[in-house]
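The lines below spell out each chain.
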Amino acid sequence: MTIIFQDLFEMMLHQHLLGPSTSLNTNSNSVLQSANALSDGVLLSHSQQPREELKTTFETREGIYRVMTLAEYSRPRGPQQYHMQGVLNNQSMVHSGAPVRVSFVTIPKDIVDNNDTVTSQPTSSSSKDEPEDYWSDKLCFNVGKELYVYHYRGTHTAADLARPIDKRVYKGTAPTVHCFNQELANPKSCSLIIGFSTGQLQIIDPLDRSTPAPISRLYNEDRTYDKSTVTCIRWQPGQPNIFLASYASGNIYVYNEEVVAGTTPPVWNFYKQGEKFAVYTCKSKIARNPIYRWQIGEGAIHQFNFSGPDAKMMATVGHDGFLRIFDYHNMELMAMMKSYFGGLLTMSWSPDAKLIATGGEDDLLTVYSVNEKRVICRGQGHKSWISQVQFDSYCCTTEEDTENIEEKQNNSDVNFRPGPPPSTSSEINTTPVMRTHAKRATPLSATSTLSRCSFASFGTINGTSAAGAGVCYRIGSVGHDTLLCLWDITEDMLKPANIQRHRNSTIIAPMAGLEIQTSALAGRLDILTEASPAGNGGASTSSEPSPAVKPVEKPKKKRFHRRGFTLGRLNVGSSGNSNSNSNNSILPKTSNGSVNSSDKKNNHLLISQISCCEETRLLGSRLCPRIQDVPVIEPLMCKKIAHERLTVLEFRQDCIVTACQEGFICTWARPGKGGGNPNGPKRDFINSPGTVSPDVGGAQQQKPNWAGYNVTNTNEYTAMNGISGQQPTRSNSSYNTADDDKSAQPYRVNNHYRWQN
Amino acid sequence: MGANGSSQLEKEITGESFIGNEHYYGLVNFGNTCYCNSVIQALYFCRPFREKILQYKQQLKKSGAAKENLVTCLADLFHNIATQKRRVGTIAPKRFITKLKKENELFDNYMQQDAHEFLNYLLNTISETLIEEKNAEKDRQQRHGTIKKGNITVNLAPATAGLEKNLETAAEKARNETTWIHEIFQGTLTNETRCLCCETVSSKDEDFLDLSVDVEQNTSITHCLRVFSETETLCGDQKYFCETCSSKQEAQKRMRIKKPPQLLALHLKRFKYVDSLNRHTKLSYRVLFPLELRLFNVSDDATHGDRLYDLVAAVVHCGATPNRGHYITLVKSNSFWLLFDDDIVEKLEISSMEEFSGMSSDCSGNGLQMPSNNQSQQQKNSESAYILFYQARDYDALRPNHHATHASI
Numbered sequence: 001m002t003i004i005f006q007d008l009f010e011m012m013l014h015q016h017l018l019g020p021s022t023s024l025n026t027n028s029n030s031v032l033q034s035a036n037a038l039s040d041g042v043l044l045s046h047s048q049q050p051r052e053e054l055k056t057t058f059e060t061r062e063g064i065y066r067v068m069t070l071a072e073y074s075r076p077r078g079p080q081q082y083h084m085q086g087v088l089n090n091q092s093m094v095h096s097g098a099p100v101r102v103s104f105v106t107i108p109k110d111i112v113d114n115n116d117t118v119t120s121q122p123t124s125s126s127s128k129d130e131p132e133d134y135w136s137d138k139l140c141f142n143v144g145k146e147l148y149v150y151h152y153r154g155t156h157t158a159a160d161l162a163r164p165i166d167k168r169v170y171k172g173t174a175p176t177v178h179c180f181n182q183e184l185a186n187p188k189s190c191s192l193i194i195g196f197s198t199g200q201l202q203i204i205d206p207l208d209r210s211t212p213a214p215i216s217r218l219y220n221e222d223r224t225y226d227k228s229t230v231t232c233i234r235w236q237p238g239q240p241n242i243f244l245a246s247y248a249s250g251n252i253y254v255y256n257e258e259v260v261a262g263t264t265p266p267v268w269n270f271y272k273q274g275e276k277f278a279v280y281t282c283k284s285k286i287a288r289n290p291i292y293r294w295q296i297g298e299g300a301i302h303q304f305n306f307s308g309p310d311a312k313m314m315a316t317v318g319h320d321g322f323l324r325i326f327d328y329h330n331m332e333l334m335a336m337m338k339s340y341f342g343g344l345l346t347m348s349w350s351p352d353a354k355l356i357a358t359g360g361e362d363d364l365l366t367v368y369s370v371n372e373k374r375v376i377c378r379g380q381g382h383k384s385w386i387s388q389v390q391f392d393s394y395c396c397t398t399e400e401d402t403e404n405i406e407e408k409q410n411n412s413d414v415n416f417r418p419g420p421p422p423s424t425s426s427e428i429n430t431t432p433v434m435r436t437h438a439k440r441a442t443p444l445s446a447t448s449t450l451s452r453c454s455f456a457s458f459g460t461i462n463g464t465s466a467a468g469a470g471v472c473y474r475i476g477s478v479g480h481d482t483l484l485c486l487w488d489i490t491e492d493m494l495k496p497a498n499i500q501r502h503r504n505s506t507i508i509a510p511m512a513g514l515e516i517q518t519s520a521l522a523g524r525l526d527i528l529t530e531a532s533p534a535g536n537g538g539a540s541t542s543s544e545p546s547p548a549v550k551p552v553e554k555p556k557k558k559r560f561h562r563r564g565f566t567l568g569r570l571n572v573g574s575s576g577n578s579n580s581n582s583n584n585s586i587l588p589k590t591s592n593g594s595v596n597s598s599d600k601k602n603n604h605l606l607i608s609q610i611s612c613c614e615e616t617r618l619l620g621s622r623l624c625p626r627i628q629d630v631p632v633i634e635p636l637m638c639k640k641i642a643h644e645r646l647t648v649l650e651f652r653q654d655c656i657v658t659a660c661q662e663g664f665i666c667t668w669a670r671p672g673k674g675g676g677n678p679n680g681p682k683r684d685f686i687n688s689p690g691t692v693s694p695d696v697g698g699a700q701q702q703k704p705n706w707a708g709y710n711v712t713n714t715n716e717y718t719a720m721n722g723i724s725g726q727q728p729t730r731s732n733s734s735y736n737t738a739d740d741d742k743s744a745q746p747y748r749v750n751n752h753y754r755w756q757n
Numbered sequence: 001m002g003a004n005g006s007s008q009l010e011k012e013i014t015g016e017s018f019i020g021n022e023h024y025y026g027l028v029n030f031g032n033t034c035y036c037n038s039v040i041q042a043l044y045f046c047r048p049f050r051e052k053i054l055q056y057k058q059q060l061k062k063s064g065a066a067k068e069n070l071v072t073c074l075a076d077l078f079h080n081i082a083t084q085k086r087r088v089g090t091i092a093p094k095r096f097i098t099k100l101k102k103e104n105e106l107f108d109n110y111m112q113q114d115a116h117e118f119l120n121y122l123l124n125t126i127s128e129t130l131i132e133e134k135n136a137e138k139d140r141q142q143r144h145g146t147i148k149k150g151n152i153t154v155n156l157a158p159a160t161a162g163l164e165k166n167l168e169t170a171a172e173k174a175r176n177e178t179t180w181i182h183e184i185f186q187g188t189l190t191n192e193t194r195c196l197c198c199e200t201v202s203s204k205d206e207d208f209l210d211l212s213v214d215v216e217q218n219t220s221i222t223h224c225l226r227v228f229s230e231t232e233t234l235c236g237d238q239k240y241f242c243e244t245c246s247s248k249q250e251a252q253k254r255m256r257i258k259k260p261p262q263l264l265a266l267h268l269k270r271f272k273y274v275d276s277l278n279r280h281t282k283l284s285y286r287v288l289f290p291l292e293l294r295l296f297n298v299s300d301d302a303t304h305g306d307r308l309y310d311l312v313a314a315v316v317h318c319g320a321t322p323n324r325g326h327y328i329t330l331v332k333s334n335s336f337w338l339l340f341d342d343d344i345v346e347k348l349e350i351s352s353m354e355e356f357s358g359m360s361s362d363c364s365g366n367g368l369q370m371p372s373n374n375q376s377q378q379q380k381n382s383e384s385a386y387i388l389f390y391q392a393r394d395y396d397a398l399r400p401n402h403h404a405t406h407a408s409i
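Going down the list, the sequences are from chains A and B.
Under the UniProt record's numbering, the residue at position 246 of the first sequence is numbered 246, and the numbers go up by one with no gaps.
Under the UniProt record's numbering, the residue at position 63 of the second sequence is numbered 63, and the numbers go up by one with no gaps.
No lab work stands behind these hints, which were simulated from the structure alone.
Quick reminder that beta carbons are idealized off the backbone N, C-alpha and C, glycines included.
Heads up, some of the hints might be wrong.
[Stated by the list, open to error] Computed, partial: chain B to chain A, Cβ under 8 Å:
1) T179
2) T222
3) P290
4) D306
5) I350
Same shape as in the complex, but just chain A:
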């Protein structure tokens, strides 16, 4: 079977000329209106229900997220056109077809310079016909049998659906997944791998404008390697020519772009084996693709990803309900976890690669500690299967972050750290793996300030032994229930619950925990000014960037629970909180115990220690604890944000991106973001005419902002915010919002059996 590519680019442009505002009509609310108008007269339908209106904002502790309705991407057609062209079947295909996926690439700058990069931009881009897009991020998404590549302007300008960089329509097969090669991307070229429902892989370069059009490379063209659907594609971090593709058949194939793609069916040589997985190589005289085949578990592999830029670990989730963590380079199984029931559909590494979040057919979020090889907690809030989980690395405070803070508080009064240096800027907006790297180098400013606040306030609030911990992970999840949920994993939840008493206390006293959390939050803010050594109040001091502070290597980097210790050190630097000792004394044994155990565990990290094969009954074991044996948490925020099932969730620096099966890709500006656009405020009202077109003038107006956006350096960052008249930094503005926002539902531990008490 061969793929036929049709470039309908021209045709589509023409369509757009018919109605310049059709792209705006594709937003879901417009559909709602036209639907209602029609349904009165035409529809005889039995179960006709008007679409419920979707909220355009949601609120969390750190502030209000707003959907940028003009920044919505979709296939460039209005509903009316659908009708006229009789593409109804096509639309139905979309709903039942492959999940809509979105992938991003950030185009790095040619000249890497810390401070004055912006100046080089106009000159280099002036020769291009799309100057304002030259450096912009690119976005790719698939809907039905179609695939689109667009410039992505984030929260800053509206989506211009009239001008896709690339559009492809496939026959006989549908694109299911795609992935940009971030490491080799530049303004003139970037590789995009596309995987298909029928197993083929295609590499295209949507930025290459040379004529004749470059020939795309195909792998598994004749489906001789695998006939099943491609489920996930990743480039191997640090190896710009190696990519991996997982299949519904349960295989992951490793390809090297520089090696010939064999045309004959591969003959597989056994290479390495472990429990329920095996690695094969291709039997061939010369090196050929695929270079490896990993056969893992039973049934489809739904997703996989690497732990970080070193590709040290690779985790997979699949139909058999197992999360498997491999030592990628040694090809050894390091750890496993089983869903409560049913398949696991999605997984995500925490920025520090210590935790993995999974979601699947049990409707549960499961957080797994890689180091301790145990389930930390389960999250219940979704009403159906979870299709994507993602750590929000911009809202996570990891151990390194908190240690850096301590360090700084000891050394200097500056409590704001610079954004990632330009060298890592290319990795900022890509996959979580990439971000991890950037983050490790210099953890993000917003969250570090947050954690600092909590540290500063620590010990001044009575009885806040567990709340307000420094380490905090933010997880987001979207599902078939059209809900977006956000979850916070706080340090107290990361403590090993070895003792039964501990477990009970976590579960049984949810309300107490809730109150503490809230009061701690408020308390932190009250105390912020006096606790800060800078003494000027958090908001103003933290706006000062400090490029001088560099990431600090800590000797005992991997310690997991040493809050008591941390507090002691913190107090040296900050304005002495005498109560910290009492806090310290509350949990002395836990701290010591866990330090030892986690240190020990780290030594074994690379040693494969799978004992699960002996476990005949999974439930109740470490692989799959009973529901009452681990805390069950509720989401911080849970909101219906689409009419169709959600398939995509991406956290970016200034926004959250979601997509649903209808093919609408939404950008939610983070608190304090998105105001930089003059059109911004208008977007919040659904019922406004919505005819604000993304005209050229508007785009040019934004150019300064735009430039600032693209660079992740804090200088521009601050400047941009200054222009828009927002709070000087995201961190502080968001934090202040949290102060006002008492209604946001804080984290709490849910007692599953609460009713009886």
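Starting from the known structure of chain A, arrange chain B on it as the hints suggest.
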């Protein structure tokens, strides 16, 4: 078509690394009997049920020709399928259908019937028949005296009692009698009510053969079961009479599963009566069903509360209205899935299971689709699971016991 499909399937299953000697037989439709065919197929692939039915057939053979009833017809049909030489083909369940129509006037027409109603009717009829036979057997034993048989000790006591009294107890027994139908399908719900005044919790247990759960758009069956057991507050007119307080009080009530059955039959309430339309409509909501399931809505004192279930069969309703449309069955056999559409049997990719979960409202009712030219599309898309059969995975582990204790029934 049917023959072609079968041979295709035959090819496919012989190509597989195929274990066991399973038979896949389509059932001929005698005019709107797909409600019956679909349920029979599902039950055939509920192994505990099939084994009992085939056992019954064996007993029947031994004990000689019994009076023909629905159970014997079903046993014959199952036996017929299981003993075919070819692995795939079609069979006409003529005797069963004829008997069904004769026994119950409800089904004595060419109208489409509700598959769930039929399932209920069938299970109840089987269990009643079994009890009758058991009682008849007992009566015979008593009448003939207990000398001939070896296992008489229990029966001596009632035998010595007066005949009238004996009949009474028999009737009493019949009501509480359990048969293998109950062993397989019966679970227990516990209805807990907590008085908000005195905090006293009272609970009442009730048995069920299947659970009927309300469906919501874009949810999973897991969620529907959670909602089934959600706490509701009784207030206003619905106040609850608390015996401790001796007065009507506000109370919280909820229903949770105390004893999860071996084979959990879940009926999705997709047919809802709409007052404004004065008829039943179908809720084609997209309700996902995982292939594995554990119950969240079990009571604290539940036995086997977290047992793992595997989906073994699903009866799917196709079409937009309750009265029209079609029933098909999805069935798991060995490691793969099959679709039974009357006489057509096809292999099913596991990835396409999700297509039978229903459709999102926004697809069915966004007003963009013209009813006229889109009827077939809609019809196709409203293939939605209606009855799900989940079998406890520990069933196999329990089997030896099971056989030993209940082989006599």
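Under the criterion of a CB-CB separation shorter than 8 Å, is D306/B in contact with chain A as hinted?
OK, holds: D306/B within 8 Å of chain A, min 6 Å.
Hinted contact P290/B with chain A - closest CB pair below 8 Å:
holds (4 Å)
Hint I350/B vs chain A: min CB-CB distance below 8 Å?
Cβ of I350/B sits 7 Å from chain A, so the hint holds.
Holds or violated: is there a CB of chain A closer than 8 Å to the CB of T179/B?
violated (30 Å)
Interface hint check: T222/B, Cβ to nearest Cβ on chain A, cutoff 8 Å. Holds or violated?
holds (5 Å)
Checked against the numbered hints listed earlier, the structure breaks hint 1 alone; every other hint is satisfied.
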